[in-house]
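When you read off a place in the sequence shown, starting at 1, and then add 202, the result is the number in the working numbering.
Source of the hints: derived by calculation from the structure; they are not laboratory data. Treat the hints loosely; a few may be bogus.
Below are the DSS-like pairs computed for lysine-lysine, each with C-alpha atoms no more than 30 angstroms apart in a straight line [to be verified]:
1) Lys425 to Lys378
2) Lys424 to Lys378
3) Lys272 to Lys346
4) Lys373 to Lys334
5) Lys211 to Lys334
6) Lys272 to Lys316
7) Lys410 to Lys247
8) Lys279 to Lys311
9) Lys211 to Lys308
10) Lys211 to Lys425
11) Lys334 to Lys278
12) Lys410 to Lys378
13) Lys425 to Lys373
14) Lys204 to Lys281
15) Lys410 to Lys425
16) Lys217 to Lys346
17) Lys311 to Lys272
18) Lys334 to Lys214
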Amino acid sequence: MKDVEIVAKTRKKLKNPILICGLPDSGFVGKIASYHFAKGIGAEKFADVYSSHLPAQTIVNDNGTIEPLKFEFYFKKGKNDLLIFTGDVQSETPEGQYNVSRDVLKFVKNLGCKTVYAIGGLITNNLSNPPKIYGAAISETLLKELQELGIESMEESNIIGMNGILVSLAKNNGMKGFGIYGETRGEFPDIHAAKELIRVLTRITGVKSNLRALTNEERRLKKLQSNLETKMIDDAEDKVSGYIT
């Protein structure tokens with residue numbers, strides 16, 4: 203396998219495409235938001251991205267079929283065509299993350315893409331309700347575009363992984379680069395933060411995403427989390443009572 207291999211299912215002529223990237227990160231916010239935004243707007247998958255930089259494991263699906271870990275591109279036609287890039291995992295090493303990011307940006311640049319948005323989670327101990335969304339950009343001029351949308355600028359911080367690298371390397375490719383990140387504690391899959399990011403993406407793109415499936419998943423995970431927390435409390439109480447004589 204090549205370091206990075208992009209397999210497009212169809213060749214598309216795109217109109218002023220915008221790239222939206224969201225990969226698994228803290229609270230899986232980037233992955234959840236990008237995947238459900240794509241599904242909620244009816245985007246179609248048009249390319250798979252395979253890489254030897256991904257972990258050496260495969261996925262067994264519910265129907266028993268096996269497939270390798272990979273990244274995916276989704277496409278939605280519109281005033282500005284949308285490209286959504288997500289994946290099963292991130293590359294294991296910094297070298298892999300940079301190599302995949304460079305090849306992804308080269309691929310979309312050849313498709314006429316001039317703007318990149320990366321989305322993900324931003325860990326905080328002071329979580330707002332709803333989670334706040336913060337923005338960053340490759341220049342102060344571009345940052346003002348986010349501020350005009352009501353997105354608060356990030357303070358000095360670090361974004362680890364491809365959800366930051368893809369933005370920072372956009373400048374080297376002559377593209378605009380924006381990062382948009384939602385508050386999360388990062389302990390559990392954070393659908394709440396992902397939903398807030400999707401709402402921001404709707405403001406940016408003008409394309410509304412159906413959040414019904416994501417809302418149902420949020421209810422299911424909240425129930426699981428509540429049951430887990432109850433069990434942990436019960437187990438702790440049982441352990442304490444075992445020492446009482």
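Each hint tested on the structure:
1. With a CA separation close to 40 angstroms, the supplied pair Lys425 and Lys378 exceeds the 30 angstroms bound.
2. Distance hint between Lys424 and Lys378 is unfulfilled; the C-alpha atoms sit about 37 angstroms from each other, more than 30 angstroms.
3. For the hint pairing Lys272 with Lys346, the CA-to-CA distance comes to about 35 angstroms; that exceeds 30 angstroms, so the pair is violated.
4. Using a Cα cut-off of 30 angstroms, the hinted pair Lys373 and Lys334 holds, with the two alpha carbons roughly 26 angstroms apart.
5. Under the criterion of a C-alpha separation no larger than 30 angstroms, the hint pairing Lys211 with Lys334 is inconsistent with the structure, at around 37 angstroms.
6. Between the alpha carbons of Lys272 and Lys316 the distance comes to roughly 24 angstroms, so the proposed pair stays at or under 30 angstroms and holds.
7. A threshold of 30 angstroms between alpha carbons decides the hint, and for Lys410 with Lys247 the separation of about 18 angstroms falls inside it, so the pair holds.
8. Taking the CA atoms of Lys279 and Lys311, the gap is about 17 angstroms. The hint holds against a cut of 30 angstroms.
9. Of the supplied pair hints, the one linking Lys211 and Lys308 holds, its CA atoms being roughly 18 angstroms apart against a limit of 30 angstroms.
10. The straight-line distance between the Cα atoms of Lys211 and Lys425 is roughly 39 angstroms, outside the 30 angstroms bound, and the hint therefore fails.
11. Pair hint Lys334 plus Lys278 holds up; C-alpha atoms about 27 angstroms apart against a cutoff of 30 angstroms.
12. Straight-line distance between C-alpha atoms of Lys410 and Lys378 comes to about 23 angstroms, which keeps the hinted pair within the 30 angstroms bound.
13. Under the criterion of a C-alpha separation no larger than 30 angstroms, the hint pairing Lys425 with Lys373 is inconsistent with the structure, at around 43 angstroms.
14. Between Lys204 and Lys281, the direct Cα distance comes to roughly 35 angstroms. Violation of the 30 angstroms bound is thereby established for this hinted pair.
15. Restraint check for Lys410 and Lys425: satisfied, since their Cα atoms lie roughly 27 angstroms apart, inside the 30 angstroms limit.
16. For the proposed pair Lys217 and Lys346, the alpha carbon gap of about 25 angstroms is at most 30 angstroms, so the pair holds.
17. Between the alpha carbons of Lys311 and Lys272 the distance comes to roughly 21 angstroms, so the proposed pair stays at or under 30 angstroms and holds.
18. For the hint pairing Lys334 with Lys214, the CA-to-CA distance comes to about 36 angstroms; that exceeds 30 angstroms, so the pair is violated.
The structure fails to meet hints 1, 2, 3, 5, 10, 13, 14, 18 from the earlier list, while all remaining hints are met.
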